[in-house]
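A.B. asks: Assemble chain B onto chain W, guided by the hints.
Protein chains: 2
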Amino acid sequence: MRYQNPTKVSQVTSIGGGPIGGGWTAHFLARGYDVVSYLHDESETRIFHDIIDTAWTSLEALGLADGASRDRLTITTDLEAAVHNAGFIQESAPEILPLKQDLYEKLGDIVPEEVVIASSTSGITMTDIQAKCRTPERTVVGHPFNPPYLLPLVEIVGGKKSSTETVQWAADFYELAGKAPLVMNKEIPGFVATRLQEALWREALHMVANGEATPEQIDSALINGPAPRMAMFGQCMAFHIACGEGGMATNLDQFGPALKLPWTRLEAPELTKELRDAMVNGCNDIAGTRHFTELAAERDRGIVEILKGVKAARTK
Amino acid sequence: MRYQNPTKVSQVTSIGGGPIGGGWTAHFLARGYDVVSYLHDESETRIFHDIIDTAWTSLEALGLADGASRDRLTITTDLEAAVHNAGFIQESAPEILPLKQDLYEKLGDIVPEEVVIASSTSGITMTDIQAKCRTPERTVVGHPFNPPYLLPLVEIVGGKKSSTETVQWAADFYELAGKAPLVMNKEIPGFVATRLQEALWREALHMVANGEATPEQIDSALINGPAPRMAMFGQCMAFHIACGEGGMATNLDQFGPALKLPWTRLEAPELTKELRDAMVNGCNDIAGTRHFTELAAERDRGIVEILKGVKAARTK
Numbered sequence: 006m007r008y009q010n011p012t013k014v015s016q017v018t019s020i021g022g023g024p025i026g027g028g029w030t031a032h033f034l035a036r037g038y039d040v041v042s043y044l045h046d047e048s049e050t051r052i053f054h055d056i057i058d059t060a061w062t063s064l065e066a067l068g069l070a071d072g073a074s075r076d077r078l079t080i081t082t083d084l085e086a087a088v089h090n091a092g093f094i095q096e097s098a099p100e101i102l103p104l105k106q107d108l109y110e111k112l113g114d115i116v117p118e119e120v121v122i123a124s125s126t127s128g129i130t131m132t133d134i135q136a137k138c139r140t141p142e143r144t145v146v147g148h149p150f151n152p153p154y155l156l157p158l159v160e161i162v163g164g165k166k167s168s169t170e171t172v173q174w175a176a177d178f179y180e181l182a183g184k185a186p187l188v189m190n191k192e193i194p195g196f197v198a199t200r201l202q203e204a205l206w207r208e209a210l211h212m213v214a215n216g217e218a219t220p221e222q223i224d225s226a227l228i229n230g231p232a233p234r235m236a237m238f239g240q241c242m243a244f245h246i247a248c249g250e251g252g253m254a255t256n257l258d259q260f261g262p263a264l265k266l267p268w269t270r271l272e273a274p275e276l277t278k279e280l281r282d283a284m285v286n287g288c289n290d291i292a293g294t295r296h297f298t299e300l301a302a303e304r305d306r307g308i309v310e311i312l313k314g315v316k317a318a319r320t321k
Numbered sequence: 006m007r008y009q010n011p012t013k014v015s016q017v018t019s020i021g022g023g024p025i026g027g028g029w030t031a032h033f034l035a036r037g038y039d040v041v042s043y044l045h046d047e048s049e050t051r052i053f054h055d056i057i058d059t060a061w062t063s064l065e066a067l068g069l070a071d072g073a074s075r076d077r078l079t080i081t082t083d084l085e086a087a088v089h090n091a092g093f094i095q096e097s098a099p100e101i102l103p104l105k106q107d108l109y110e111k112l113g114d115i116v117p118e119e120v121v122i123a124s125s126t127s128g129i130t131m132t133d134i135q136a137k138c139r140t141p142e143r144t145v146v147g148h149p150f151n152p153p154y155l156l157p158l159v160e161i162v163g164g165k166k167s168s169t170e171t172v173q174w175a176a177d178f179y180e181l182a183g184k185a186p187l188v189m190n191k192e193i194p195g196f197v198a199t200r201l202q203e204a205l206w207r208e209a210l211h212m213v214a215n216g217e218a219t220p221e222q223i224d225s226a227l228i229n230g231p232a233p234r235m236a237m238f239g240q241c242m243a244f245h246i247a248c249g250e251g252g253m254a255t256n257l258d259q260f261g262p263a264l265k266l267p268w269t270r271l272e273a274p275e276l277t278k279e280l281r282d283a284m285v286n287g288c289n290d291i292a293g294t295r296h297f298t299e300l301a302a303e304r305d306r307g308i309v310e311i312l313k314g315v316k317a318a319r320t321k
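Taken in order, these protein sequences are the chains called W and B. So the number in my numbering is just where the residue sits in the first sequence, counting from 1, plus 5. So the number in my numbering is just where the residue sits in the second sequence, counting from 1, plus 5.
Chain W extracted, bound-state conformation (with noise of 0.2 Å):
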């Protein structure tokens, strides 16, 4: 298949008129896109302005693209007319796998085979959803986190029969369109982003179901501690430069033995040779031929913009 050039879409589909889809919507209008919104019914469309409405006001905040405008959506809810002359395809349905299989099915004819056709699932595999589709190689998942009107990543993986060129291409063109793209090479359960999180999130319930910790103090604990530095370089390089000079390789084999403690209900995996270059090297390509005081500054840097940033966003 011949794709369009990624810089040549002028065009995006989004289907569905719920916080993803709408959050879509405000996204690519925001980076100056002409957006065809499908509604299932007419009925979604003042909720679905809500949305825009609210996502507009954080857009705007972070700089809006040139010739972008609110002016260039177009809402229907003929699923022929909203998909006629797009570039890119976004589709945020309900998460009920027959009823995305139908879906998928029908694009998969009406929609122009050089375009590429992405899914927001979070938790159906494209594998199952292409399943009835009858061109199947330009399916993709583009799996956004929320509120996607603001956070970056996009995961992509493909299904069985989704093509590596559309994977690529998909990653291409999310890139252009001002997200951060992680492609998946196996498609598996809660992908990256959410499977980190919900390690989180369980060891947070059984703190709860145990009586070791309330919510609030969870939350305080991750705003006051881990998260900041997280938001700014991560977990691995988090570790990386806290270890001064030996960095990810001081981590592992100084503090190795620690993965056999109880500091998580979550027993860690063994410390192969591999699996510790893998880390080490992995650190290292991320630092390039920065000295670990550089990123360690970079760092602080960071830290202090995004408590500085946080203090000024509360509201109590």
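Treat the hints with care, since some could be wrong.
If chains are identical, the list can't say which one is meant, so a pair holds when it fits in one copy or spans any two.
Using 30 Å as the maximum straight-line C-alpha spacing, the simulated DSBU-like pairs for lysine-lysine come out as follows [unchecked claim]:
hint : residue 1 : residue 2
1    : 265       : 166
2    : 13        : 313
3    : 191       : 278
4    : 191       : 265
5    : 316       : 166
These are calculated hints, taken from the structure and not from any lab test.
C.D. replies: Chain B in isolation, oriented as in the chain W frame:
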């Protein structure tokens, strides 16, 4: 024991010349205290000053307290002289149990009994540390988060022989000194923040071990996904706000079954009515009278500021 009113403390003694002891020293100086820092050996002095140099850049950017000055620092290698006029002692000696036990045996005798001694320990319980101390009632854990001069969290928990009065006094004092105290009722491995972070970290290690994600993908997923939201509102409230009118109740009632899905290797606890209610009530308490639309707007303002702040702090 009649402790001094925390507002009357003017001099703090910080024990330890490493990044934690140095970080605490910088923090207390920035909050306008006289600080006496005990180093094990004079040879540690230069690096100790380097740590404070680094910290000071950020502390100035965040804003110093009235009268705060690095001139108010005294460095000594004489432990008795170091604790002589202290209104509070923050101990950040190496994480070696026999060493800490001997140190607390000595501090227990030479520090006036009406002065609280807090340990920065991240991995040892105060019950173990205070074993040989003859005045253990006034000892407590005051565990900071790295970097201690920037992140506000201090987790406070007593050992078996610590008095409740001591725990409360420490919480009051840290709050006055510009920290975010979190008082725990139980001594559990990893306290609150590290347990949560460790669950996420172990899931990350599993993902790398299984070739499901690289360190770079893990950090990118966090930075562009859950972390900015977590830095603003933690995790319980992130879910509460995302579920609109229904809040945490909707989250648990609707997505409760998803806790059985393999979205991480950590199994969730049984979602009992008690656990459900504890989560729901906890979130409602934090929300207070604020409608979820106000909370969502606050979240969005926070994320906008955080994304801008991170961008401004990046060197590449």
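A.B. asks: Identify every previously stated hint that the structure contradicts and give their numbers, smallest first.
C.D. replies: As far as the earlier hints go, only 5 is violated by this structure.
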